[in-house]
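Asks: What follows is the residue order along each chain.
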Amino acid sequence: MASIWTLQFHSLYFPHRVSSTVAKLRTEFTLSQGRLSLNRWSTNRKFQLKAVRDSASSNEDQNLESGKVAVAADTKTKDPVAKFQETLISLPPVAFVMKRHTRSSFAIGLSLSTAFLVIVVRAFIVRRSRYNRPGSVEDLVRRGQLRSDRRGISRPLKYEDPFNNPLVKVGKSNSTMEMCGKVYRLAPITLTKEQQTIHQKRRSRAYQWKRPTIFLKEGDLIPPDVDPDTVRWIPANHPFATTANDIDEDLAQNNVYQKQGVPFRIRAEHEALQKKLEALQNEQKLNKLVIDSSNAKDFERAFKLNPKSEEPLDQNPFVNQSGDLRPPRPDQAPNGYDSNSSSEEMQKP
Amino acid sequence: MLSLIPSPTIQFKPLFPSKTIKPLKPFSSKSSIQSVLQWNRKPELAGETPRVVVITSGKGGVGKTTTTANVGLSLARLGFSVVAIDADVGLRNLDLLLGLENRVNYTVVEVLNGDCRLDQALVRDKRWSNFELLCISKPRSKLPLGFGGKALTWVVEALKSRQEGSPDFILIDCPAGIDAGFITAITPANEAVLVTTPDITSLRDADRVTGLLECDGIRDIKMVVNRVRTDMIKGEDMMSVLDIQEMLGLALLGVIPEDSEVIRSTNRGYPLVLNKPPTLAGLAFEQAAWRLVEQDSMKAVMVEEEPKRRGFFSFFGG
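Protein sequence lines, in the order shown, are assigned to chains G and V.
Residue numbers for the first sequence follow our numbering, beginning at 1 and rising by one.
Residue numbers for the second sequence follow our numbering, beginning at 1001 and rising by one.
These are calculated hints, taken from the structure and not from any lab test.
Small disclaimer: the values here were computed from a predicted structure and weren't measured.
Note that CB positions come from ideal geometry on N, CA and C, so glycine has one too.
Take the hints with a grain of salt, since some may be wrong.
Just some of the chain V residues that point at chain G, by a computed CB distance under 7 Å [unchecked claim]:
hint, residue
1, 1116
2, 1118
3, 1216
To spell it out: a stretch of chain G is covered by chain V in this simulated footprint if at least three of its residues, at any positions, have a beta carbon under 8 Å from a beta carbon of chain V; those stretches are [said to hold, decoys possible]:
hint, stretch
4, 79–90
5, 187–196
6, 248–256
7, 259–266
The list that follows gives simulated cross-link-like pairs (lysine-lysine, PhoX-like), each with its CA atoms no further than 20 Å apart [unchecked claim]:
hint, chain 1, residue 1, chain 2, residue 2
8, G, 259, V, 1150
9, V, 1150, V, 1138
10, V, 1299, G, 259
11, V, 1299, G, 193
Use the sequences and the hints to build the structure in full.
Replies: So this is what it looks like as structure tokens:
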């Protein structure tokens, strides 16, 4: 609540002598403002100090009258604003206090200067402790891993549009920019072609390496015409490497370059299975009538005939010599498989 | 490291036909370029296709597989056909990062053995149909080391001559270390991306690997600095990117900030370049992919500075 206070202090005229019997000083602060005036406050306790001069005069009386201070300490006032105002009223005006209490102003100045000194000392200690932190870049410089001449770059280098991107705007005054709440500056790359060449030469001197072409198990002998630098020893219990070369290289290369069709191993397994089945068939039919695979169509044609045909059983090729009439279906299945396999073989590229 | 995000979202309509061979299978992506940032142009493919790039580091756990997955998907999203090969024989991880682990039925070992064809071993990503994954082997199978490198060379040659057309990029995720797996992975590569982190152990291994790559004839080597903490660099607790470049002497392809979203994206099987809204690391990966396409390198890095203090009482903070 903003209220404009104007303090009017009627100066008291303190006589040099105080009456021994009565010493009352009554000062009165008159507060005038737009809203509030002191007159409406009720005072229960009044501190009255009256300085009695030797010669009481009407002027002094008037001065005393005007200098009355009514200190309101109404215990019954519960309004916090009123309490606050009462507190303020009880305080002497600042200007006069400062004039009177020079010791307190000195104390305030001293405390402010002490606080400033503490802040400066603290900042200095923090900065110093930062350099003494173990494991910093200084340790790398001390160990000779980093050059020390790069340290101490204080002024940011001015750089405009380093990415050749017209949407990147860099101020002309400085090269700093804010991004994601942090401030960055652009530091240009200083690596030159000559420096790169120097590093390449250094590495070529330091690292002499030949690509290993021979992989041997531990314990194997080195072939006589092989450079020992190109040999790499592989332990027998290596988790994912083996020196055993069970795969034919040409075959592997063909497998990699195959664009369509059935992969080699799948086809090989399929053919092996087919051969096995054929072998089983042939074995089972040794004791039976031999079935020529080239006449498979004839058999199919015979099957397609009217099933109610009255062909004699001895002429039926499906009939076993033992006389058992076999149903055509179980016999047709392997024949069908054979026909399918032959058709697949035809379709192979 | 990161450039400012351009404000306009401009759709790019290609004025000139693409020079690369268009695959017969239709892409799920639209004709306009798709990327995290709506650039006003498409990156121009430099070099001969297919670009066979090996992503290696030497030290394990620095982010090779993460880089392969995110850069690969960024390239696919920019409209290039990509085949990513996980050359880590014993510890296969790329399929996990891409969320394709349940779809890997055949690997290169099965192709070599004749159990399947090469196109049957390729796993096409359903999100971006121009991205395919090929794994070298299943964890329990053993690869004959005698022709591991040869086999991978055959695979690359077969991919070049396939019916759908040669892919634009073949990214090979190299295993950690410098033994047989590393030798197999770098055999067919023409260029290399070296992933490192700003710590001295990783840098030493990276330097060794760079020497081996140069001995093997790979000269185009660029560096990606991963897991960068700008606050630690500002506090002089971590080497800066310029310090790393001074030590290794390699051109910078990208600087990837430390991002907790990497772990979440790994758990989900969803690379973080596909996140919406994009993360800082995702933006950095996409920019690295852009530079890879154009065979460009970074010209400047961003260094964090102290923010300007304002207010009379700001110095009380210390």
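Asks: Now, for every hint given, state plainly whether the structure supports it.
Replies: Each hint tested on the structure:
no.	hint	result
1	1116	holds, 5 Å
2	1118	holds, 6 Å
3	1216	holds, 6 Å
4	79–90	violated (count 0)
5	187–196	holds (count 7)
6	248–256	holds (count 6)
7	259–266	holds (count 7)
8	259(G) to 1150(V)	holds, 19 Å
9	1150(V) to 1138(V)	holds, 19 Å
10	1299(V) to 259(G)	violated, 44 Å
11	1299(V) to 193(G)	holds, 13 Å
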